[in-house]
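Protein chains in written order, with the working numbering: chain U, 1 to 43; chain W, 1001 to 1394.
There's no promise every hint is true.
[Stated by the list, open to error] Mimicking BS3-like on lysine-lysine, the simulated pairs with C-alpha atoms at most 27 Å apart in a straight line are:
{"#": "1", "chain 1": "U", "residue 1": "2", "chain 2": "W", "residue 2": "1152"}
{"#": "2", "chain 1": "W", "residue 1": "1364", "chain 2": "U", "residue 2": "24"}
{"#": "3", "chain 1": "W", "residue 1": "1161", "chain 2": "W", "residue 2": "1048"}
{"#": "4", "chain 1": "W", "residue 1": "1260", "chain 2": "W", "residue 2": "1190"}
{"#": "5", "chain 1": "W", "residue 1": "1161", "chain 2": "W", "residue 2": "1364"}
{"#": "6", "chain 1": "W", "residue 1": "1190", "chain 2": "W", "residue 2": "1161"}
{"#": "7", "chain 1": "W", "residue 1": "1190", "chain 2": "U", "residue 2": "2"}
{"#": "8", "chain 1": "W", "residue 1": "1048", "chain 2": "W", "residue 2": "1152"}
{"#": "9", "chain 1": "W", "residue 1": "1260", "chain 2": "W", "residue 2": "1364"}
{"#": "10", "chain 1": "U", "residue 1": "2", "chain 2": "W", "residue 2": "1161"}
{"#": "11", "chain 1": "W", "residue 1": "1260", "chain 2": "W", "residue 2": "1152"}
{"#": "12", "chain 1": "W", "residue 1": "1152", "chain 2": "W", "residue 2": "1364"}
{"#": "13", "chain 1": "W", "residue 1": "1123", "chain 2": "W", "residue 2": "1260"}
{"#": "14", "chain 1": "W", "residue 1": "1364", "chain 2": "U", "residue 2": "2"}
Hints listed in this document are in silico derivations from the structure and should not be mistaken for laboratory results.
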Amino acid sequence: MKSFLMALVALIVISISANLVLQKIDLSSSNASTSFGNVRISD
Amino acid sequence: MLRLFGLLALMWTLAVPSFAQEMPADTRAATGGAQNLEDIMRRQEGAKIDDSFRSDLTGDPDVAAATTDQLGTLGGASDPDLWRALRYNAADITTQVRTPAATTLMQDGGMSWLSFREGPMLKIAVYLLGGTLLLLTFFYLIRGRLRIHGEKTGRTIVRFKAFERFGHWLLASSFIVLGITGLISLFGRKVLIPAFGHETFSFLAVMSKWVHNNISWAFMVALVIIFFAWVVHNLPDRTDLRWLARAGGLFGGEHPPAKKFNAGQKLIFWSVIVLGGSISLSGLSLLFPFEINLFGHTFSTLNSWGLPNLFGLNDLPYPLSPQEEMQFAQLWHSIVSLVLTAIIFAHIYLGSVGMEGAFDAMGKGEVEEQWAREHHSIWAQEVLDEPANSKENT
Ligand code: HEM
Chain U
1 MKSFLMALVA LIVISISANL VLQKIDLSSS NASTSFGNVR ISD
Chain W
1001 MLRLFGLLAL MWTLAVPSFA QEMPADTRAA TGGAQNLEDI MRRQEGAKID DSFRSDLTGD
1061 PDVAAATTDQ LGTLGGASDP DLWRALRYNA ADITTQVRTP AATTLMQDGG MSWLSFREGP
1121 MLKIAVYLLG GTLLLLTFFY LIRGRLRIHG EKTGRTIVRF KAFERFGHWL LASSFIVLGI
1181 TGLISLFGRK VLIPAFGHET FSFLAVMSKW VHNNISWAFM VALVIIFFAW VVHNLPDRTD
1241 LRWLARAGGL FGGEHPPAKK FNAGQKLIFW SVIVLGGSIS LSGLSLLFPF EINLFGHTFS
1301 TLNSWGLPNL FGLNDLPYPL SPQEEMQFAQ LWHSIVSLVL TAIIFAHIYL GSVGMEGAFD
1361 AMGKGEVEEQ WAREHHSIWA QEVLDEPANS KENT
């Protein structure tokens, strides 16, 4: 039971830190398919 | 009179094009080299067409007129040639957009990917997972819970250390959450939106995506932990052949001897490692779009070995556009995940309700001595030969 609970805690810690790291290095999959810079909306 | 002739002549000239339209356009010449009715019909049926007459017709700079001549500045490619080149991804495109797939303006894979994903893929999922659950239910109804046959001793022996159980539960809990959130994504448009509406599904989808993407790391960490923890006990040997020949004693007869893991468990272990590894790899390729391309290279290697021809298939598509790489990664990721999930259903069944005494191995880390003697006789003997390992259950 204790190892199971430890696993759940690890699961949450790993997931949240993974998200923080990915945000920090500014990696988002939607950035890979859209371009934010230099968009000319009208003349 | 002259007017009448004039009128007749006019009618005749107007009528000629309508004759031409009624002519069956079934030869390439009749359409002036363009696609004909047959091509269109075949395309609508989704049949294969050889459209090289169009795809190769993208202009030829070598026969271009000199730039001082009429149309010479077009460089041997007319506007229709240019559009065809765009259509078949053969145009030489430059753009200031710096994303990897920006120069592919059209690609064919998208449609067949979409129709496979929203049709056959969902069927595969339902039949595979539903079928496995049905089989397990039947098995339970026919065989019931697999009991410990002999008298229980009340003594237990240690089977898994805390760290091993930690690794197993990290793997199991992440896998189950990944499975649920993955299925939510797969069945969203076809099932969940019609059933619960866009608002509800939007919330579900955003949550599922966040959870699925981020929990994946825990799964990969756990995969590495259990690989190193258990690989030595899962190398195949001769006891496995005997175990398999008797189907593990599942259909009557004595339990065949087994070491720490029997052949069935070794199959589970290697399925988890190989399929789980492959799911991780294709998942990473989806998480970092266009960065990890797994399929184009694989396809060209398989083609060069002649493997598809061996099975009477055409060569696998190569080269792939960046989008097609992603489409194949998605299909592979889902199908392999579904197969592993079906296998894991059987595993969860046997590790819990299906077999008396099994759950304790992962729950408490200790198993009833009699269970160990029956299911893992060789291992049990080894452990019991060291007296320190057996203890009274209090
Ligand atoms: C609630 C779900 C689960 C339960 C109740 C469960 C239960 C168990 C038990 C009792 C064992 C030890 C068997 C023994 O003592 O010999 C075990 C081993 C194992 N489990 Fe699980 N498990 C679950 C989910 C999973 C999942 C999701 C995975 C992988 C994705 C997994 C992978 C393994 C592997 C590789 C082994 C070692 C080989 C084997 O015994 O087959 N388990 N599990």
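Given pair status - residue 1364 of chain W, residue 1152 of chain W, alpha carbons within 27 Å:
holds, 17 Å
Tell me if the straight-line CA distance from residue 1161 of chain W to residue 1048 of chain W falls inside 27 Å.
violated, 58 Å
With the threshold set at 27 Å, check whether the alpha-carbon distance from residue 1161 of chain W to residue 1364 of chain W stays at or below it.
holds, 9 Å
Holds or violated: are the alpha carbons of residue 1190 of chain W and residue 2 of chain U at most 27 Å from each other?
violated, 40 Å
For the pair we were handed, residue 1364 of chain W and residue 2 of chain U, check the Cα-Cα distance against 27 Å.
holds, 9 Å
Restraint status (C-alpha distance of residue 1190 of chain W to residue 1161 of chain W at most 27 Å)
Distance ~44 Å between residue 1190 of chain W and residue 1161 of chain W Cα, so the pair is violated.
When you check the alpha-carbon spacing of residue 1123 of chain W and residue 1260 of chain W, does it fall within 27 Å?
violated, 38 Å
Has the given pair, residue 1260 of chain W with residue 1190 of chain W, been kept, meaning a C-alpha gap of at most 27 Å?
Measuring from Cα to Cα gives roughly 45 Å; hence the hint is violated.
Could you grab the alpha-carbon distance between residue 1260 of chain W and residue 1364 of chain W and see if it respects the 27 Å cut-off?
Holds, at about 17 Å.
Could you grab the alpha-carbon distance between residue 1048 of chain W and residue 1152 of chain W and see if it respects the 27 Å cut-off?
violated, 66 Å
With a cut-off of 27 Å on the C-alpha distance, tell me whether residue 1364 of chain W and residue 24 of chain U pass.
Given that 27 Å is the threshold and the Cα spacing comes to 40 Å, the pair is violated.
Can you confirm whether the C-alpha distance between residue 2 of chain U and residue 1152 of chain W stays at or below 27 Å?
With Cα atoms ~26 Å apart, residue 2 of chain U and residue 1152 of chain W stay inside 27 Å; holds.
Consistency note: the structure conflicts with the earlier hints numbered 2, 3, 4, 6, 7, 8 and 13.
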